[in-house]
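Residue numbers (the numbering used here), protein chains in the order written: chain A, 74 to 496; chain B, 74 to 496.
Derived from the structure by calculation, the hints contain no laboratory data.
Watch out, some of these pointers could steer you wrong.
[As the list claims (entries may be wrong)] Derived DSSO-like pairs: lysine-lysine, alpha-carbon spacing no greater than 30 Å straight-line:
(1) A/Lys359 to B/Lys350
(2) A/Lys359 to B/Lys359
(3) A/Lys350 to B/Lys359
Owing to the predicted nature of the structure, the values given are computational and were not obtained by experimental measurement.
Protein chains: 2
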Amino acid sequence: MRILLVGAGGVGDAFAKIAARRSFYELIVVSDYDLSRAERTVAWIEARHGAQDGRFLAERIDASDPDSVAEVAQRHGVTHVMNAVEPKFVPTIFAGALAADANYLDMAMSLSEPHPTNPHEETGIMLGDDQFALSADWEKAGKLALVGMGVEPGLSDVFARYAADHLFSEIDELGTRDGANLVVRDELGNEIFAPSFSIWTTIEECLNPPVVWEKDKGWFTTAPFSEPEVFVFPEGIGPVECVNVEHEEVILMPRWINAKRVTFKYGLGDEFIGILKTLNQLGLDKTEPVRVRSADGPVMVAPRDVVAAGLPDPASLGPRMTGKTCAGVWVTGTGTDGMPREVYLYHVSDNEWTMAEYEAQCVVWQTALNPVIALELLAAGTWSGLGVLGPEAFDAKPYLDLMALPVDQGGYGQPWGFEDRLA
Amino acid sequence: MRILLVGAGGVGDAFAKIAARRSFYELIVVSDYDLSRAERTVAWIEARHGAQDGRFLAERIDASDPDSVAEVAQRHGVTHVMNAVEPKFVPTIFAGALAADANYLDMAMSLSEPHPTNPHEETGIMLGDDQFALSADWEKAGKLALVGMGVEPGLSDVFARYAADHLFSEIDELGTRDGANLVVRDELGNEIFAPSFSIWTTIEECLNPPVVWEKDKGWFTTAPFSEPEVFVFPEGIGPVECVNVEHEEVILMPRWINAKRVTFKYGLGDEFIGILKTLNQLGLDKTEPVRVRSADGPVMVAPRDVVAAGLPDPASLGPRMTGKTCAGVWVTGTGTDGMPREVYLYHVSDNEWTMAEYEAQCVVWQTALNPVIALELLAAGTWSGLGVLGPEAFDAKPYLDLMALPVDQGGYGQPWGFEDRLA
Numbered sequence: 074m075r076i077l078l079v080g081a082g083g084v085g086d087a088f089a090k091i092a093a094r095r096s097f098y099e100l101i102v103v104s105d106y107d108l109s110r111a112e113r114t115v116a117w118i119e120a121r122h123g124a125q126d127g128r129f130l131a132e133r134i135d136a137s138d139p140d141s142v143a144e145v146a147q148r149h150g151v152t153h154v155m156n157a158v159e160p161k162f163v164p165t166i167f168a169g170a171l172a173a174d175a176n177y178l179d180m181a182m183s184l185s186e187p188h189p190t191n192p193h194e195e196t197g198i199m200l201g202d203d204q205f206a207l208s209a210d211w212e213k214a215g216k217l218a219l220v221g222m223g224v225e226p227g228l229s230d231v232f233a234r235y236a237a238d239h240l241f242s243e244i245d246e247l248g249t250r251d252g253a254n255l256v257v258r259d260e261l262g263n264e265i266f267a268p269s270f271s272i273w274t275t276i277e278e279c280l281n282p283p284v285v286w287e288k289d290k291g292w293f294t295t296a297p298f299s300e301p302e303v304f305v306f307p308e309g310i311g312p313v314e315c316v317n318v319e320h321e322e323v324i325l326m327p328r329w330i331n332a333k334r335v336t337f338k339y340g341l342g343d344e345f346i347g348i349l350k351t352l353n354q355l356g357l358d359k360t361e362p363v364r365v366r367s368a369d370g371p372v373m374v375a376p377r378d379v380v381a382a383g384l385p386d387p388a389s390l391g392p393r394m395t396g397k398t399c400a401g402v403w404v405t406g407t408g409t410d411g412m413p414r415e416v417y418l419y420h421v422s423d424n425e426w427t428m429a430e431y432e433a434q435c436v437v438w439q440t441a442l443n444p445v446i447a448l449e450l451l452a453a454g455t456w457s458g459l460g461v462l463g464p465e466a467f468d469a470k471p472y473l474d475l476m477a478l479p480v481d482q483g484g485y486g487q488p489w490g491f492e493d494r495l496a
Numbered sequence: 074m075r076i077l078l079v080g081a082g083g084v085g086d087a088f089a090k091i092a093a094r095r096s097f098y099e100l101i102v103v104s105d106y107d108l109s110r111a112e113r114t115v116a117w118i119e120a121r122h123g124a125q126d127g128r129f130l131a132e133r134i135d136a137s138d139p140d141s142v143a144e145v146a147q148r149h150g151v152t153h154v155m156n157a158v159e160p161k162f163v164p165t166i167f168a169g170a171l172a173a174d175a176n177y178l179d180m181a182m183s184l185s186e187p188h189p190t191n192p193h194e195e196t197g198i199m200l201g202d203d204q205f206a207l208s209a210d211w212e213k214a215g216k217l218a219l220v221g222m223g224v225e226p227g228l229s230d231v232f233a234r235y236a237a238d239h240l241f242s243e244i245d246e247l248g249t250r251d252g253a254n255l256v257v258r259d260e261l262g263n264e265i266f267a268p269s270f271s272i273w274t275t276i277e278e279c280l281n282p283p284v285v286w287e288k289d290k291g292w293f294t295t296a297p298f299s300e301p302e303v304f305v306f307p308e309g310i311g312p313v314e315c316v317n318v319e320h321e322e323v324i325l326m327p328r329w330i331n332a333k334r335v336t337f338k339y340g341l342g343d344e345f346i347g348i349l350k351t352l353n354q355l356g357l358d359k360t361e362p363v364r365v366r367s368a369d370g371p372v373m374v375a376p377r378d379v380v381a382a383g384l385p386d387p388a389s390l391g392p393r394m395t396g397k398t399c400a401g402v403w404v405t406g407t408g409t410d411g412m413p414r415e416v417y418l419y420h421v422s423d424n425e426w427t428m429a430e431y432e433a434q435c436v437v438w439q440t441a442l443n444p445v446i447a448l449e450l451l452a453a454g455t456w457s458g459l460g461v462l463g464p465e466a467f468d469a470k471p472y473l474d475l476m477a478l479p480v481d482q483g484g485y486g487q488p489w490g491f492e493d494r495l496a
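Kindly generate the complete structure, drawing on both the sequences and the hints.
So this is what it looks like as C-alpha cells:
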C-alpha cells in the first residue's frame, strides 16, 4: 500500500504521526499546499522514530486542482489517496484520485446545499450526494472510495454497524452523540473561548439545516439547533446540552443499516449555541464578502473569515487545553434477547495523553486515528469493497478488535466503551 | 442667533427639521462632509414648510479639521456651533468653534480612555475631561460651551436639576434609566435584530467600563454590564433589564447637583446584552485592524467595522420600526416635606408619531429635540452662562415648561411624565 496524504494541517499531521508507528504500508507521501508544513510533519516523525528509510516523503500539492492531485499520486505509484483537508476540496481530490487509478478515503463528505425554498423541512443537495452520484465510475474502475472514515463520521458508523450485527434484533434510533469537557486557558489561567475545531467548519455544520432520517419519511431537515437534549457522557464528562446538527452519519447509516430513525446531535453546550446564534443573527456567519471601510479604502471581506481571523488556531490549542472528548452512538431498540435495550458505544480521547504521546490535541488526534485503522484493514484484505462506500458497509468487529488490542499485541491500544443504559 | 449645524446624519437632520418650525434664530447652516446629505435636509424643509428666505443653507464641512469648522462658522457670522456628529469629532469641532469666537453645543462629550492597569475599578480619562480642561479658555473668550445637551445626556440632566430644586430636600440617588420597546421587522414582518442607534457607538458605550459616582468615593468604574436591574418603564413599555453603562450624566450631575450617588443604566434587554458580550468574547468589538483573507489577498479591517457593515443603517429603520423609547431619571431620597420620596421623571417618544410628523425615527428625533429647546432659551436670554457647562447648570423649570407647552401656545407640545413611585 502506497498512501498519498493530502493536507498536513492538524488532522493530517496527526494521521502521519499515528501511522508512523505501524508497518502495513510501504510509503506515505505527506503533501500540503504549504510544503513546509508537510516537511515539518516528516521531520517530527524522523526525529521521534528515527530514519524511516524513505517511508515518508514531503511534497507540495494543490488540493483544488485534480491534475495536481493525480500527478503527485501517479509519480509515487500511490494506491490510496487520503484526504485530510477542508471538505470544500472533496470534489477535486476525489476526481484526482480516480484519475490516478487510486483508491480514496476522506473524513468528511462533499458539501450540502439547502433546499432553495423550504430549507428547514426539505433537503436540497445532501452531504456526499456529489460523491455517491459517481459510485458507478469507481466500481467500473475497480476502486474503492471509503467516505466519512474519521471519528464522526467514521468510528460512529462502525459502532452503529456493530450494534446492528451483534447487540440488537431491531433498532429504533441510531443517535450519534458527541460531547466534551474541554477547557482552554490563557497565559494567566483564565478560561477563554477558543473552539477546538475549525470555527469555519463548525459554523458550516451548525448553521446548515440539520438532517434527520426516518424510515417512513426518508431524509428531512429541521431548523438549526432543533430538539435540544441533555445527554450524559461517560468518563467524567457528564451532562452536555446537545442539538441536531447536519452530519454525515445521518446520510450514511440508513444506506446500510436497518433502523427506524437516525440522528446526529452535537454537544455544543449552552454557551457555544448562544454564540453561534448571535453570529447568525448579525450575519457574521456569512461567506459572501461585504464592503467594509479600512485605512486603505473600502475592502470586500467575508464576515466568517473575520470571525476566524480573531480566534486562536485550533491546532495551537493543545498545550493550553485540558479535558476529554467523547464520540459515540446511542442505540435504542430491541436486543437480541427480544427485550428493550439502550446502549451507548463510545471512544474517549484525553488531551493530556494525546499531547504527551503525539503532540496533537485530542479532537484532531481522535479524528486521525480512524482512517489509519481502516487503511490497515484494507491493506490486510480484512476489509474490501468497490465503489463509494461508508464505514458501515464493512464488518465492524475486526475494526473494533484491532483498535482495542493492546499495542504490545499488535493493536492500537485504544479500548472503546460500552454502557448498557437499561441495565 | 446664527447656527452652524455640523452633521446632517440622523440626529442632525432631525434637529434641522424640528428647528424649522421655530423662529428664534436668523440662520441655520446645515453642513456635512457629504454635501448632498446637507442639501437633502434643506430640500426636505423647503418642500415641507415652503421657501425659508435663506434661513437654511447647505455647506460642506470637515468635522475632523478645526480650521474647516472655523472657516465655515466665520464666513456665515455664526454665533452657535451645534455638533451633531460622532463623539470622536468633539475635540476638533470644539476647537473650531472657539477659534471662530462662537458658542458651542454638543450631545455627547469627548471620549474616555480606561485606566491603564485597573480599568474595572478606577477611572482613566473620563468622558468630557478634555473639554472641562479648557473651560477657562471659554470663560476668558466670553463664550459658552453647553455640553451633553441631547436627550441623554441633556434632558435627563434637566430632570435631575428639576428634582433637586423642586421635589427633594435630600437626594440619595440620581439614576438615569433609559428603556424602549422598539421592534424592527423585515419585509415579511419577522422581527429582526437591528439596533436603533449606531452599533459602533453602542459598543463603545456598553463595553467601556461603566462609571459610577458616590459622594464618599467620587468617580469609580465597574466591569461592563454590572448591577443588572429590572426597571419598569411607563406608557406600556414595561419591565426591561438595565445595566450600568458609561454615560455623561454620571460625570455632569455631581458637578452641579447634591446627591449621594449618581448612576446611568441602559435598558439593553437580555438579548442585546448577550450579543454585546459575545462580540466582546470573540474580539469582534475591537477597533484595531486584524489581518483577514480576501479575494484580493490579505486585508486589514477593524472587526467592529465589519459588525457595523453587516447591520442596517439605524437612520433607515424608521418605517420598519414600531414602539416607544423612554428617557428619564429615577430619583430617590427625602422629599421637600421630609418624607421618603421616589420619583421617575421621563419623556416618551413614539416612533409612529415621529415618523408621521418628521420622517425621523423616534430615538434620533428625541435626541435632536433637546438642543433646539436649549438654543431657544439661550436666544431668549432665559438661559445664559460662560465656560464649559452641563444642562444641570441652568434653571430646569423654563426648559420643561417650554417643552410641555402646547404648540398653539408657542411651546413644543412635548409633555413630560412624572411618576411618584411611593405614592
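Of all the hints given earlier, name the ones this structure violates by number, lowest first.
The structure breaks none of the hints.
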